[in-house]
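K.L.:
Spelled out from the first residue to the last, the chains are:
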Amino acid sequence: MSRVNTVYKCIENSAHGTLSWQPQDLMVGAAIGGLVGIVSRYMVIGVGVFSLAMGGILLGRRKWNGRREYLLLWARRFEHKRTYRRLDPDVRYSPLGARAEASIGGTHEPR
Amino acid sequence: MNPGELFSLWDICDDAIVSSWGVLFRVGEIVGRNPVVMTGTQWEMVADGLYAGLKRLDDGISLQAIYCRGRLSDEETERLVGARVGVADTNDVLAYQRSMRAAYLCQRNLRDWRSYLVWGSNVGLTASEFKDLRGSHKKQLMKLEVVDRQVIGALQRANLEVRTLGNGEIVTLMQNLVAPGAVRRRPVVRREPMADDEALKREPHLRPQSVREQFIPGNMTWDEGAAKVDDLYFKVLTAQALPDVTTVGKFDLGDGGRVPLSELDFDFRITVHVMFPEQAAVQRSFRQRRKFAFSLAQRPGQVSDAHADVAEGEFGELANELAQGEKLVKIGIQAVLWAKSVPELEERAARMRAAFAKQDFDVFEESWAHHTELFKSLPGMSVGGFDRWKMTKSACMADLLPVATFTRGDREPVLVLEDAETRQPFGWQMCSKKRDNDNFQILGASGAGKSVFINMLLAYGVLSGPDKGKVLGIDYAGPTKSSFKVACEVFGGQYVGISGDGQKINPWPTPEKAISGGKLRPEVQSYLTVLTRLLLHQEGEGPEVALSVALIQKGIERLYERWSSTEAPLYSDYMHALAGIETGDVGDRGRLEDLIKLTRKVVDGPEGTLLNCKTTAATDGEFLVYDLYGLNHYEDRVKSAVAWVVTTVVRETAFDNRPDRRKYLFFEEAANLLTVGMKGAIHELLTTARAHGTSVGVVTQEYEAYRRSGVSGTVNLNTTTSVFLSHASAPGVIAPIAADFGFNEAEEKAFRELRAEKGKYSELLFRTTVDDPVNTSVGRAIVAKTRLYLSPFDLEVVRSDAAGRAAQQKIRQAYPNAPLVQVLNYLAYGAPGAGKKE
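Order-wise, the sequence lines are chains H and R. For reference, each letter of the first sequence is one residue, going 122 to 232 in the numbering used here. For reference, each letter of the second sequence is one residue, going 217 to 1054 in the numbering used here.
It is possible that part of the hints are untrue.
Unchecked claim - To be clear about the criterion: a stretch of chain H counts as covered by chain R if any three or more of its residues have a C-beta under 8 Å from a C-beta of chain R, and this derived list gives those stretches:
id: 1; stretch: 146–156
id: 2; stretch: 164–175
id: 3; stretch: 195–204
Stated by the list, open to error - Distance condition first, Cα-Cα at most 25 Å in a straight line; then the derived DSS-like pairs of lysine-lysine:
id: 4; chain 1: H; residue 1: Lys184; chain 2: R; residue 2: Lys507
id: 5; chain 1: R; residue 1: Lys770; chain 2: R; residue 2: Lys735
id: 6; chain 1: H; residue 1: Lys130; chain 2: R; residue 2: Lys556
id: 7; chain 1: R; residue 1: Lys729; chain 2: R; residue 2: Lys830
id: 8; chain 1: R; residue 1: Lys1026; chain 2: R; residue 2: Lys697
id: 9; chain 1: H; residue 1: Lys202; chain 2: R; residue 2: Lys556
Unchecked claim - If you want the ones that stay clear, here's a sample from chain H, every Cβ over 10 Å from chain R, calculated:
id: 10; residue: Ile159
id: 11; residue: Ser161
id: 12; residue: Val212
These aren't lab readings, by the way, just hints derived from the structure by calculation. The beta carbon of each residue, even a glycine, is placed where N, CA and C say it ideally should be.
Bound conformation, chain R alone:
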């Protein structure tokens, strides 16, 4: 016999499944509510909406909820990461790292959770209706549209969305369900007979294949314990008894713990079959049973029968609920699992039974019937064949339907993380038109994994990939602590530590940059005036200060007028320019002398070592980081002056009049940067970044200081993505952060529970806007609790601990000519044939 005979599928057309009985079914992917943000009260509202909606469905409607929990395919993982496994460019660290990450994530066994709802009427075609197939099919389609409205309406009452699948998607889904994990998919086509009967006898393989048999990948065999389809063994488990009680999202939401069945790391699916029987008949039968139960409980002269009393009590309670509109429905639950060998399948079945038992379900393994039950668990295939029904009320049935969906983030991400609960991929695209701007903030306590996350962003989102762009980082951590130091070394960036004995930036621009059309450019004059006022203590207001500022400006103009070199002048040159100013006014003469004295103090003082020097620091490049930690010992006035100089470089990068070219600005240790006077710059950049094609990232460790600075309001207002890392080492700031960001109780719980395991993973709470899973043209605000795992190669790239760095240096010194990729690869994986590293 042909295996298709077990599969009562006729066709897939008009966005519907047609079964052998001519019954039509629609298939929709359920996009449920996000459990990370849902509170108990909100779930109650979902439940009430669902109960109210579903009990209004007509008699004769069939539903099937299918929970598909499989492994994310390698192709999809490669697509998300943007690299093929094993096709690595060993000359390019970033490309190699991406390929290694794809390989690592393929090994991580990432999960792919999808929930589908299948609905239709369980009335098929009669023999006479089969004679006029087209006409009957149209009638069935019209009936299906009525069911569509009812079912989608019921889901909408609970604010659940459903994305109806088209023909192509249904075919793909069916292929995935019948032959999970198959690499090559042949298109399903209707074939007309091309050969006559005689030819078919000689060449039986030329016969046209029915649609349904094209889904079945190979021969089938069966025995007591399993059915084998092609090279996979399948087992079907069926619910023998339902739990004593149910709550909404029985298969989606844990009771304060883990998501049910999430401990199962193998592929399986659960099908919940639902049928709405004719209420008049089932309730008549129910009343009759109630009478029997009453008689049994009230028998005179008998010993008290507790069981009968309980049954009678239950009948009474249920009768009340039925009087209030509840319906009696038939449900059946099947779990299907598969493996490549029988022992593996048996082990999985045992784990599955245990997992179901935790959920208070009593399940049994089918015996000699896996091959038939397997096909009944497919979308739309239960009508007419499934017979493992249980009777219950509609609210309990509603509790078994899918209501939750953990967000998967953007469709085309630059960085792929894992959902902390389900191990599904969560992708984040740094630049998206669906957001108002591409600014982001990262908040995390010390040791939470901020540096690692930033390095991963640099590697996958900023320095490579589709949103690749120029990077400028401002840090205040020093070379031993800076998040950027290692990244600069590995990815060829320039790490500039500004300090008196380190690198310097001459604040004075070259004449080429300063002069335009023979005149000093106003913005240059303004910048130099502000800087010089800061340095010469000429802050404040009033006529005296205004007159001094006029002299400062005159000095700047005079310097550039008489400057003949192509190199930039210095403050010592400015001092000479001031001395050369001729003024007849006695007051001005006095002010000028004061300014000259103050300038000499700058030139000769400690600030002179920073600001009266030629530029030694890089000011241009694709990846540039300024670390201002070297200013730590200078007075605030000097810090502010240098910050002002750096700010000017940042502005030149951000506002380069090329909005088509991506730029990324990272403000690391923002709380410290704010103390040196970068508040204005951060404010200005955040508010105007979008128009210039710039993303601004603000990274904060010291939340209290950051909060006090007053810039947090601007940051919150002008960022569309907030990434929270663990604050377990600073529990005091958890409540203020939760309050400032308006977390509800579920979000605060998720935030409070964030953890970081050094060397293993760090957890991140993303609050952003991502691609909407239903409407592709818009975005959707989400919160996701994710985990960042690193591949061994990633780990070597971001390694900042002393021992790890020393090991890297040792190998690099021993093999000075070896490419960096080879060194990191050796440290991460060990040399081929040489075993693992020490």
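Okay, chain H solo, but in the shape it has when bound:
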């Protein structure tokens, strides 16, 4: 058999680079920090908890392979009716506001 290639484990999990904050990360962090700040009545503690929460969220995301939709997926488990219905309109079919029937030409006929 041919050459054996080493998989370098030292970089295996570095595909995401340094994970950047997402809006939902900030929202979750701020909610936790704010709650702790209000309860403790010391905003300094709230800011500290916010920092810790952000670190925790980012570390968690890295551990979960950088999953970005964690909040959405987490929320979906609480949905009562977990169904996508074909009869519902496909409203987000056209990206960035392009019209649904916009065609870019071509044909579906076999070559």
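Position chain R relative to chain H; hints supplied.
P.N.:
Positioned in the frame of chain H, the structure of chain R alone reads:
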């Protein structure tokens, strides 16, 4: 919400997939190298070509390798076999047998392995570009053409072929991936709105469907463990960690064992996502990490940290490789499997995890995310959505791409077998214009399954099907061993055992055949002269022999001149004709007397019982077999004479001046036939068969004798298909066969490992030319290791063991009026409501 919202497909046009971000992807089916013929050195060359080609790809290119390993559909099985399941003609054994085989192969769970490569640039359209869709799309197409050239060029460096899919094929592929196993496919069309908003409110089902939602067969639900689309449950497994090392064809080639994941007999697919990030950025990040690792390993005053030391060492090695041109790439691996129930899906997932673990992959099941990940695994759908990336070097990524394809043989075969490794169908078409000729040879030791294979060829390729034709078999096995005996009984052929106390052929043709325009036809005279010289010991050269031959010829002419009957003369008549020749020369008189004495010896001797009789054997028919085993006790001269007579019948069949009509000649036990003097005939027929629409099949058991005869060279030169069966019972001939046929080490290994399990299967190594999977107008030379399985009905048809034959006879005697199909069907499957046979 509509399930289409999970599926970021926009359109399929211009032979490309367009994602919701306006990213274009091309799809190609990979036609890899044939593992049966590839040696370790050749795989190294493939690997080196692939590594060198792929590391030259530009930043921003995305690749997706999709390994589809599903069940061959029943429709495709029926098409290959040429019969529908359950639509059997009970009056026709062959048609019924074909239908039963189709049903059997549908139950065999034959596999359908396809590997696709999807490529494109991961740059989509900006908001402003969306305003001028047509113009932007053209620009994207031009960018895609650049990627096409790079990717196809990289594959060509490794001698891998890729067949780019058109719109229709991409649509079909996408339908198969989203809704596997669906029987009815609706065409995907772009629909314009036909109703106004008010009408749509009243009748929401009238709204135009987007392209993507037309792929989704029904509603979707999800939970933690699975996503359900219409009536199928899907599960997605994702790679958490890559193996420690990779070699080329990680998912295609076993390390000397079975093909990876081939033990999984259910449907699944594996998607390997690849993204080429901007090298400047990732290598900058890499250097920074290396600095951290160095600092960590070199901390003063600390206890030695093995982990940090290893990491630092790895960084150093990788830095060297990057300096030599390796690239850092992001890869992700997903496996998608599906089932009709949750317990079945869970069981499959467990088996899948175990199979991945054998390949040193650590995979985890998605949780609450199967519905989103399912769509990301589809062609072109990972860009912008997939986030389970791992970083590795480009060579490791190349090892995860498909490089091997097991051949599936001809597109329209007459006989369907199974690939021994993958259980994919392998089809063989006996007559193909893509070959130089349609001659074939079959080599197998005793008990390897030659007879079964020949019977299957007779049933599916020769006596029925599109290449149906006239069959003439020459055997030297005797009625108890002959491969043809059972087939003749079942399919209505005539088995003619030539022997002194059996059936005979009068060598003398009737006057109608011998005389043309009042004169003896030269070819008849030549044939009778050769035969008579053989019988009367007048072989050799020289003036004496020439003078005797002149008298022999004169006798033949005289016999036909004075013959008034419409029946054929005999050698005793020839003797009288010789006696009637008047000659004044004393020498001739003496020679004539000698010839008369010798002819009397033939007529009165043991050869007279064979050659001085009226023809009792059939000489014409659609399926005729001559078995010469009855000549075993005769001297060689007589054997040669009878062989010469049979050869003439064979020639008449082969050269019937009807090249449009298929003829098949089988020379069974060729080594034995060669000893009775059929070498010349085999040679002549092999070299001229094609022009006459004839296929010649040479079957050999005794390879050493066959090799010594010297005809093997002619056979090799004039056959385009060689079928090798197991030689496990004759290991001594394996090396000579491998040498004579120029096997490389991989082919020899495959040949050496051929096995036959009595009553189960026999393995066959095919070396032939089949339809090219990429260019339909040409052929491709292949070697395939296949298995021949028999349906219960096939088994009854070819059954030659004493017990089986006795059971058949017993039923036939008990029900003499029952059609043969019913008898065989009862023995194979048992009567309806009566349970299985005893």
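K.L.:
Evaluate each hint against the coordinates.
P.N.:
Structure-based check of each hint:
1. 146–156: Check failed, 0 qualifying residues.
2. 164–175: Our answer is that it is violated, as 0 residues pass the Cβ test (under 8 Å) against chain R, missing three.
3. 195–204: holds (count 5)
4. H:Lys184 x R:Lys507: holds, 23 Å
5. R:Lys770 x R:Lys735: Cα-Cα ~13 Å, so holds.
6. H:Lys130 x R:Lys556: Given that 25 Å is the threshold and the Cα spacing comes to 38 Å, the pair is violated.
7. R:Lys729 x R:Lys830: holds, 16 Å
8. R:Lys1026 x R:Lys697: Roughly 21 Å between the alpha carbons, so the hint for R:Lys1026 and R:Lys697 holds.
9. H:Lys202 x R:Lys556: holds, 21 Å
10. Ile159: At about 31 Å from chain R, H:Ile159 clears the 10 Å cut-off, so the statement holds.
11. Ser161: Non-interface label stands for H:Ser161: nearest chain R Cβ at 33 Å, farther than 10 Å.
12. Val212: Label violated. Min Cβ-Cβ 7 Å, cutoff 10 Å.
Taken one by one, the earlier hints fail for this structure at numbers 1, 2, 6 and 12, listed in ascending order.
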